[in-house]
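Trainee: Can you build the whole structure from these sequences, using the hints too?
Protein chains: 4
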Amino acid sequence: MNEMWKFSVPGIPDELFSRGTVPMTREEIRVITLSKARLGPGMTVWDVGSGTGSIAVEAALMTPGGKFWAVERSAGGCRLIRENSARFGAGSVQVVEGEAPEALVPLPRPNRVIIGGSGGRLGDILEVVEKRILPAGRVVVNAVTLETLAGALDFFGDRWQTEVVQVSVNRSVKMGSSRLMKAGNPVYVISAWERGEDLGG
Amino acid sequence: MNEMWKFSVPGIPDELFSRGTVPMTREEIRVITLSKARLGPGMTVWDVGSGTGSIAVEAALMTPGGKFWAVERSAGGCRLIRENSARFGAGSVQVVEGEAPEALVPLPRPNRVIIGGSGGRLGDILEVVEKRILPAGRVVVNAVTLETLAGALDFFGDRWQTEVVQVSVNRSVKMGSSRLMKAGNPVYVISAWERGEDLGG
Amino acid sequence: MNEMWKFSVPGIPDELFSRGTVPMTREEIRVITLSKARLGPGMTVWDVGSGTGSIAVEAALMTPGGKFWAVERSAGGCRLIRENSARFGAGSVQVVEGEAPEALVPLPRPNRVIIGGSGGRLGDILEVVEKRILPAGRVVVNAVTLETLAGALDFFGDRWQTEVVQVSVNRSVKMGSSRLMKAGNPVYVISAWERGEDLGG
Amino acid sequence: MNEMWKFSVPGIPDELFSRGTVPMTREEIRVITLSKARLGPGMTVWDVGSGTGSIAVEAALMTPGGKFWAVERSAGGCRLIRENSARFGAGSVQVVEGEAPEALVPLPRPNRVIIGGSGGRLGDILEVVEKRILPAGRVVVNAVTLETLAGALDFFGDRWQTEVVQVSVNRSVKMGSSRLMKAGNPVYVISAWERGEDLGG
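Residue numbers (our numbering), protein chains in the order written: chain A, 29 to 229; chain B, 29 to 229; chain C, 29 to 229; chain D, 29 to 229.
Bear in mind the hints are in silico, worked out from the structure with no lab data behind them. Worth double-checking, as some hints may not be accurate.
Any copy will do: because identical chains look the same in the list, a pair fits if it lies in one copy or spans two.
Straight-line alpha carbon distances no greater than 30 Å define the calculated DSS-like cross-link-like pairs of lysine-lysine that follow [what the hints assert, rightly or not]:
no. : residue 1 : residue 2
1   : 34        : 95
2   : 159       : 34
3   : 34        : 210
4   : 202       : 159
5   : 34        : 202
6   : 95        : 159
7   : 202       : 95
Mentor: In structure tokens, the structure reads:
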């Protein structure tokens with residue numbers, strides 16, 4: 029049972045997750061990513077480079093009957109994913125310790141793939157994704173480097189339809205009685221779906 | 029029944045709404061707004077300055093058993109809200125044609141208030157909101173002008189806890205074979221909740 | 029003689045200044061600030077909250093025959109301003125150790141005032157500025173907090189003409205073979221000039 | 029003689045230029061571009077895809093003894109460059125009507141090259157630039173599309189040193205008594221200089 033998040037929308041505050049020193053997709057970027065993934069009931073979802081599992085956990089809470097595979101190569105990350113899944117009652121998240129794309133091969137075919145980290149092997153990962161993804165599938169890549177952005181666009185080329193948004197969030201932080209606007213690094217959220225598939229649903 | 033959005037996350041693409049010439053909260057800002065509102069099952073929600081109703085419609089789809097009051101002063105806007113509610117099967121949205129804050133007075137007390145437009149009367153509106161909002165309530169104000177930002181912060185002062193994020197979204201637009209990054213205007217999303225209330229849930 | 033910057037445009041890289049732990053206006057914001065100040069030959073300029081003196085130094089290099097007063101309350105800052113002025117040959121920069129607005133009172137009347145820091149006393153400072161500034165004067169305030177932004181706009185009101193731009197700069201940083209886009213905090217650059225004065229020059 | 033801009037810093041307001049329907053680099057981006065170009069006395073500068081000539085005009089005003097070649101393929105653009113050069117007294121700007129890179133070949137070798145538009149032929153242009161640029165030269169590319177950004181980075185590769193900044197400017201626009209923050213499209217400013225050359229000066 030979910031003890032900690034009783035709301036019906038995503039956007040769990042970052043500080044409620046265990047995160048150690050693992051980078052985490054911040055909450056505003058996370059809700060946009062989940063939105064772009066067009067999650068729906070019963071879907072199978074791969075979360076590649078899952079980090080703390082924050083995306084997988086929120087996806088699971090939003091998707092009744094779904095199956096979620098959180099793929100993460102670091103043992104410390106995997107431990108955090110398990111801890112965060114338990115904390116928020118995301119029982120449908122399965123942790124896969126291993127490196128993508130090899131770790132993806134035995135997984136059930138996905139409806140949705142979210143790629144938060146690629147360990148420098150984005151092209152290889154997307155090749156496996158392209159072979160295994162189910163019809164009407166969607167892929168969402170979060171890029172924080174220009175190389176990941178360019179690599180994703182190169183891969184999708186004209187075979188896939190794509191949308192790119194760059195999201196920047198400045199957050200107010202109290203400094204005495206003032207509010208400093210503190211910038212978060214911009215994230216490119218690249219959504220891709222196969223030509224001929226229906227965008228809206 | 030909902031025919032047009034079969035997904036379990038918010039983020040209906042802007043172009044799926046009827047919008048005429050009424051300004052609309054763009055989809056990425058909308059999902060962040062819904063997230064900050066911490067919507068939960070059975071809640072009563074006021075959507076003030078509802079415009080096309082896009083926020084009210086998505087809130088309704090995300091909130092089982094909720095009640096939604098979309099307050100809008102223009103007749104054209106009210107027509108759009110009805111059209112969009114019907115299109116997406118958001119039967120729990122009730123349209124209130126009238127000007128805030130007067131139109132708010134007869135409504136049932138809300139758990140959540142989302143203010144997308146205030147017609148220059150933000151202070152008056154927030155006074156009514158402060159009187160009527162239920163315990164553990166939250167208010168989210170979307171500001172596109174510096175005056176609305178300052179007015180909201182002045183009102184909330186130290187009586188409420190607040191969080192301010194400024195969200196900017198650049199979207200790629202095809203120009204021949206190139207992708208121009210086109211900027212959307214930044215939106216300040218101001219969340220407020222009463223001192224002593226639990227933020228996370 | 030200027031040994032270190034042989035170019036005729038502003039924009040000295042941040043790392044060429046001595047800066048200790050004092051906050052510094054980053055180079056892209058600095059060139060925009062100097063531009064908005066409409067510096068011209070022979071002008072008298074106050075740089076209030078001068079920090080490392082980076083603004084005063086670049087202003088001096090760009091303004092033949094000008095006089096520059098760098099007002100800074102911290103002794104460490106004053107030392108840095110002297111060091112940076114010497115390094116870049118900005119002999120026309122005079123350091124004033126003291127707190128604004130009191131430290132401003134004995135200074136010669138300015139054509140231009142640049143306010144990079146106000147120590148929480150922006151209103152008091154602007155009152156002195158308004159009394160002392162020469163005809164056709166301009167004021168530029170760099171604000172990183174919402175309170176400084178609101179305070180400046182409140183002060184200028186309708187008596188002054190104002191322009192506000194918010195500048196955000198993301199800078200690529202090498203991470204292995206990738207370029208991470210790293211966000212700098214946004215700065216509001218508020219320019220003000222008296223009603224009836226000619227904007228362009 | 030320069031009648032219209034009596035200041036010693038760049039940043040002529042956009043509305044003081046004649047511009048017809050030709051796209052123009054906005055003033056804040058322009059001053060950053062000039063800064064990144066490290067203009068210095070006596071330099072020869074190519075302004076490729078000059079548009080209205082705003083960059084060439086401001087560069088000329090900032091660079092005593094310089095020579096400026098404004099390359100523009102449209103006849104209407106060339107007319108505007110001549111008009112703007114005359115208006116601001118930028119007598120050192122020479123207009124070259126023609127398409128880059130062919131139009132670049134007969135020009136004197138440059139110290140600096142600024143590329144504001146490439147007509148889809150960025151790679152060809154940069155090849156000519158690389159052959160002709162003088163020692164200690166610098167190139168600045170302003171990119172508004174992801175393709176120009178990727179193309180520039182691909183070309184410079186490891187042979188050149190590069191810096192990338194992405195600049196976003198929101199500008200306040202009066203709407204009644206309120207200030208709407210209106211976003212300008214983000215511009216990637218890519219600076220490149222040859223390995224082994226001194227960055228700062």
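Trainee: If a hint holds in the structure, say so; if it doesn't, say that too.
Mentor: Against the structure, the hints:
{"no.": "1", "hint": "34 / 95", "in the structure": "both (20 Å within a copy, 17 Å between copies)"}
{"no.": "2", "hint": "159 / 34", "in the structure": "between (37 Å within a copy, 25 Å between copies)"}
{"no.": "3", "hint": "34 / 210", "in the structure": "within (29 Å within a copy, 34 Å between copies)"}
{"no.": "4", "hint": "202 / 159", "in the structure": "between (49 Å within a copy, 27 Å between copies)"}
{"no.": "5", "hint": "34 / 202", "in the structure": "within (28 Å within a copy, 41 Å between copies)"}
{"no.": "6", "hint": "95 / 159", "in the structure": "within (19 Å within a copy, 44 Å between copies)"}
{"no.": "7", "hint": "202 / 95", "in the structure": "neither (40 Å within a copy, 35 Å between copies)"}
When held up to the earlier numbered hints, the structure conflicts with hint 7 and nothing else.
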